[in-house]
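S.K.: Chains A, B, C, D and E are the protein sequences, given in the same order. Per this note's numbering, residue 155 is the first one in the first sequence, and the count goes up by one each step. Per this note's numbering, residue 155 is the first one in the second sequence, and the count goes up by one each step. Per this note's numbering, residue 155 is the first one in the third sequence, and the count goes up by one each step. Per this note's numbering, residue 155 is the first one in the fourth sequence, and the count goes up by one each step. Per this note's numbering, residue 155 is the first one in the fifth sequence, and the count goes up by one each step.
Keep in mind the hints are simulated off the structure, nothing from the lab. For glycine and all other residues, C-beta sits at the position ideal for the given N, C-alpha and C. Please note that the accuracy of each hint is not assured.
Stated by the list, open to error - A few chain C positions that, by computed beta-carbon distances, are all more than 12 Å from chain B:
#1 M155
#2 A157
#3 S168
#4 A175
#5 R179
#6 N182
#7 H246
#8 L281
#9 R307
#10 G353
#11 H355
#12 S395
#13 S411
#14 P441
#15 P461
Claimed, not checked - Derived SDA-like pairs: lysine to any residue, alpha-carbon spacing no greater than 20 Å straight-line:
#16 A:K267 / E:E266
#17 A:K333 / E:L219
#18 B:K442 / C:E378
#19 A:K267 / E:V262
#20 A:K410 / B:R440
#21 C:K373 / B:P461
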Amino acid sequence: MNARIREILNWYGSDSAGTLANIARMLNHGRLAGTGKLVILPVDQGFEHGPARSFASNPLGYNPLYHFELAIEAGCNAYAAPLGFLEAGAHHFAGQIPLILKLNNHDVLHDEKDPLPAVTGSVEEALRLGCSAVGFTIYPGSSHCGHMYEQLRAIAEEAKQAGLAVVVWSYPRGSELSKEGETAIDVVAYAAQIAAQLGAHIIKVKLPTAHLEQAAAKKVYDAEQIPIKTLSERVKHVVQSSFDGRRIVIFSGGAKSDDKTVYEEARAIRDGGGFGSIIGRNSFQRPKADAVKFLQTIMGIYAGDVP
Amino acid sequence: MNARIREILNWYGSDSAGTLANIARMLNHGRLAGTGKLVILPVDQGFEHGPARSFASNPLGYNPLYHFELAIEAGCNAYAAPLGFLEAGAHHFAGQIPLILKLNNHDVLHDEKDPLPAVTGSVEEALRLGCSAVGFTIYPGSSHCGHMYEQLRAIAEEAKQAGLAVVVWSYPRGSELSKEGETAIDVVAYAAQIAAQLGAHIIKVKLPTAHLEQAAAKKVYDAEQIPIKTLSERVKHVVQSSFDGRRIVIFSGGAKSDDKTVYEEARAIRDGGGFGSIIGRNSFQRPKADAVKFLQTIMGIYAGDVP
Amino acid sequence: MNARIREILNWYGSDSAGTLANIARMLNHGRLAGTGKLVILPVDQGFEHGPARSFASNPLGYNPLYHFELAIEAGCNAYAAPLGFLEAGAHHFAGQIPLILKLNNHDVLHDEKDPLPAVTGSVEEALRLGCSAVGFTIYPGSSHCGHMYEQLRAIAEEAKQAGLAVVVWSYPRGSELSKEGETAIDVVAYAAQIAAQLGAHIIKVKLPTAHLEQAAAKKVYDAEQIPIKTLSERVKHVVQSSFDGRRIVIFSGGAKSDDKTVYEEARAIRDGGGFGSIIGRNSFQRPKADAVKFLQTIMGIYAGDVP
Amino acid sequence: MNARIREILNWYGSDSAGTLANIARMLNHGRLAGTGKLVILPVDQGFEHGPARSFASNPLGYNPLYHFELAIEAGCNAYAAPLGFLEAGAHHFAGQIPLILKLNNHDVLHDEKDPLPAVTGSVEEALRLGCSAVGFTIYPGSSHCGHMYEQLRAIAEEAKQAGLAVVVWSYPRGSELSKEGETAIDVVAYAAQIAAQLGAHIIKVKLPTAHLEQAAAKKVYDAEQIPIKTLSERVKHVVQSSFDGRRIVIFSGGAKSDDKTVYEEARAIRDGGGFGSIIGRNSFQRPKADAVKFLQTIMGIYAGDVP
Amino acid sequence: MNARIREILNWYGSDSAGTLANIARMLNHGRLAGTGKLVILPVDQGFEHGPARSFASNPLGYNPLYHFELAIEAGCNAYAAPLGFLEAGAHHFAGQIPLILKLNNHDVLHDEKDPLPAVTGSVEEALRLGCSAVGFTIYPGSSHCGHMYEQLRAIAEEAKQAGLAVVVWSYPRGSELSKEGETAIDVVAYAAQIAAQLGAHIIKVKLPTAHLEQAAAKKVYDAEQIPIKTLSERVKHVVQSSFDGRRIVIFSGGAKSDDKTVYEEARAIRDGGGFGSIIGRNSFQRPKADAVKFLQTIMGIYAGDVP
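Next up, chain A with everything else stripped away, as it sits in the complex (with noise of 0.2 Å):
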């Protein structure tokens, strides 16, 4: 093991030789595998959105098999989905990519202003799939908030007991949020923090904007004059936001966008200091050969190959 993967590991000293063996397997698969860079492919839109939206545009995305293939061609670090997606190729694809079992979930066919996603899965069925890790999504803002921490806090100390690493995909949320604060930068720092405290081992948020949501934060970002101006400063801020970079965050690429927006988002987070992107529509709703280009060119900023 490199000696980037071991300080990385080093930070998560509370944790079990299981836990750190499944945190080394992510970072050390792939095409970025060794550079303490992630790039994961997750796809639960097929629940999330429906699934004309989510395959239609690229029919062969209603394969659950696809997606393995896809992750493993394009070299990802991880492929992340719902319970049914992982059990459909689980036994096909075993050993070939290490797998995140995305533990709770969300339709829109029933929609709230603050949601509360169901758990559709648990630790003992991502152990029976072979899975290196959970992921939970956590609306901090959603007046549900409070119950998704504490099931969270149970399953995070059940998956650790298990040996399984913990993903956290933190969105903030809610009726008292205004839309432009759900990716306000302190906000999303906020959310990364949370994530942090309720002992995540990776975090996932959105690319935050320059805009300040609460009042008392802007105060303190005001009198502190924290750099919020470029991306990049703004990724900094929250990776200093999630423990001072002691802890793993990635960016989500969120909905469907040209590849050079997406380039240049992840020079963004490259150079803030970010560990990575998960990317799903952008990868998944277009031709294989174009999507693993794709993704290769992303792994390629982050690992210092591609300008």
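Starting from the known structure of chain A, arrange chains B, C, D and E on it as the hints suggest.
M.R.: Below, chains B, C, D and E without anything else, positioned relative to chain A:
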């Protein structure tokens, strides 16, 4: 075991031998044994609609033994019913037909726009009664959907550990859906996807109409020109939305209608790649001899004996 | 064991020897032993209506030992009461009469249109007190009905595992039912069906009137010309709605009324194929000698000794 | 053991030797040992009303050891308090006086018309602290009454399995009761009956007035001419309503009042067949020597030494 | 062990040797070892207020290791923090300072007038991380107070069984309290009493003002002329309200203020018989050397070295 059944079982590679054996048991039983097609007799209407509305037109149906006999004589793949109905005959007919214990039920003495059925059975009861599978209804779109998904998660996990199969009735319904929306093609396809992601082995949905309910989905159906004009095209889309056909999807018969319509629907299901039907009221609300003939005609359509 | 009892036990083929023995214990006890008919003494009115309203007219009834004595002297098949009343006498009268522990109760110091009784006992307590059965009340039509069904499910499963019988009081009540609807024939028959589907061995309902409450049901009763004019026809329909007579259904006596009426009702129950009565206030709210004579007259009607 | 104690224990024939021993321990302790009468010191006012309102008038009472000493010196049968107060002295005074751990409590920093106390202790804690009994408060008439009954059910079952006695404070209160109704004779008698039916060994109620709260009950009290004019008649009716005197019923002292009134009440309790008193504020809110004398006068009234 | 520590441990006679050892561990650690006084460093503001508001003024505080170092260098008795912060350093600093795992937390992305923090840790996690105690916040006055008391009851029972100490943050807050009432002397004294009755070993409250919030309490404070004019008198009353000084009560520092004020408060705490301080923002929001000096001055005041 023939090649088609072997192929189907292969889709469920993450499951235990016990669960695979129970799926095989249903696929290899009755008139359609070995075809990969299924016709299941479900009788939960006594609970869901009341005894007279269900059985007065054919009073033999008040007797729980009658339905075992009907399913066996007609050569159905399985018989599904709530606890009481199964308890009343499981001992007499032990080993004669695969049984599915329906684990949640709802009655109309108290009805709501956003239904939450009561859990009225358990995996342990299913084992005690010698069942091959448990059945569970979810209502995507209900404000209680998250609670139902979590109930299903726990039940499915326990059922799989016990070597049972999991059959999910996925019926969109709730205050945010229009009446027409409950059978809209985008909504039914989404309901099938949710059931698949929750880990169902067999999914039961209603036959979809060409209506599109959700604005965000409609945009995609239009843009991608997904074919949904004929019933058989819509069945095909639902099958595709169930992990590209790698999950067994069957369709419900609905309220009593004329035989010709039911036969037409069976042909559309067959031509669209559907796996069969689950037919209650149309079969047990007529004289037994007539019902056996009716069910065997449908099975003939699926088997290819009847055009 | 005589043929009739053997026939009845045969309906419960899925149950353990322990549960069958306890059903047989009740059927083979007292004045009606071996007839397949049952008269049960229930005394939960102290809890449900308060002590003075229940016992002031015959103050011996304040004493819990009194009701054991009354049930034994009259030759009832069983005695049913809440935890406190059974605890106060179970030791003294051990082995002298089958006991039914009523596991949920409700009082009128706080009343609601949609009642949810409190669970006030357990299967373990029933075993400790040497009971043959547990009793549980459900209120189909209450907005809390789902919760009660789920409580009953858990209790019935546990009781059956412990070799006890399950007696269900099924009393339609709730904000969507009219007062008249609570005893409407369609509603009472539906309530009996629900109890049977939930796995009850013995079902207790109120005597139904000829009123039809639900529009969708009324259509069927009219179309199929189900005979419901006489009380005995209605009893027959309720018995039919209880798995075509393959579940024991008994009828409650209700508030105190004149003896002639009660005898008439017993004859109608007998002629309609009902299995007997559960009679509280009409028996314990009069002097003991009188009550014994009264109960034995009813038993005589069921046994065929009294015309 | 004398005949009266043996007679009382005989009422609890369904209980284990362990529970009987603990009931006997309380009946055979202190000044009233062997008389079948009880005077208990309860100190939960620090939690229920706040420290200054409870202890400022006699500041020694801030110290938890003080109340142990007072109860021991006065010769009370038992001392009842919440977890913290018992933990603070149980070790020092081990074996010197029977203890009752009060398992639920309520404070007035947040108050409601329909109270639901928090469960603040457990049967396991009672065992750890060497208690003879657990105490639990129910508020019949509260919209939360069902929840409290279910909590009591579980606690009482567990306590009996552990050989402890169960003391129930049954205090009618809630939005449907008038203030006067909380101590109405029909309501207090009903509250005693509910506690008895829930399995209480010792029942604590407030002294009832001659008011009749419930219309349906009033009709019976009038028709049956139940004597409720004098306090002693009302005590007798409450005792009768507690299984015809086969459950121990004691009465609370309420807020501080002049000694003569308290002595008069004790005489009425004695003459009506009540089993004693539970006296908090009237005893610990005065100097110790004075309190000991006061409590011993009351005990004298019960013992028959004081007229 | 010196006499004062022995005396303090003696107050907790009902606790296990394990718990006593952990209380002793805190009392015998750091600059105040053996004095019976405590200064604890708590850092939960990252969760409670957000990272920038907490750490931007001294950015070293983003790093969880920093706070371990600060607490150790300053010679604090213990360091308290949520799960994530402790996990990040417990391994590195194992055995160097007693740790308190804060088991519930609240963030301001979603705030309420009646707060209910989420449970974000467990006793098992505290054991895994080598902690001496668990910390838990209750908000007396919140409409959720009963729920928090019940959570604390379960956690405290489990912690004591595991040989840990229990530290309770008791902060009155809720819709029925005025803003001024949250620190009113009657309310703070009541909050300390509630924590003590719930079984806390160490109680943390805010410094009280002379305001009296509750009418019923005010009457008693006036009648009994309880001295509450000076801060030191009020501290004395709070200590008295905590079992007459037989429970350890410490006071929080609150928002950042000038050093002189903090020193004055420490003197008042010392003179009123308080046991020390828990000081977060005032210490970690300044340069470390400065913070160490500041904390040691406070410790000097408690130790008597600084006037």
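S.K.: Determine for every hint whether it applies to the structure shown.
M.R.: Outcome of the hint check:
no., hint, in the structure
1, M155, "18 Å, holds"
2, A157, "18 Å, holds"
3, S168, "4 Å, violated"
4, A175, "16 Å, holds"
5, R179, "20 Å, holds"
6, N182, "22 Å, holds"
7, H246, "36 Å, holds"
8, L281, "19 Å, holds"
9, R307, "5 Å, violated"
10, G353, "5 Å, violated"
11, H355, "10 Å, violated"
12, S395, "4 Å, violated"
13, S411, "27 Å, holds"
14, P441, "40 Å, holds"
15, P461, "30 Å, holds"
16, A:K267 / E:E266, "17 Å, holds"
17, A:K333 / E:L219, "35 Å, violated"
18, B:K442 / C:E378, "18 Å, holds"
19, A:K267 / E:V262, "18 Å, holds"
20, A:K410 / B:R440, "54 Å, violated"
21, C:K373 / B:P461, "37 Å, violated"
Checked against the numbered hints above, the structure violates hints 3, 9, 10, 11, 12, 17, 20 and 21; every other hint is satisfied.
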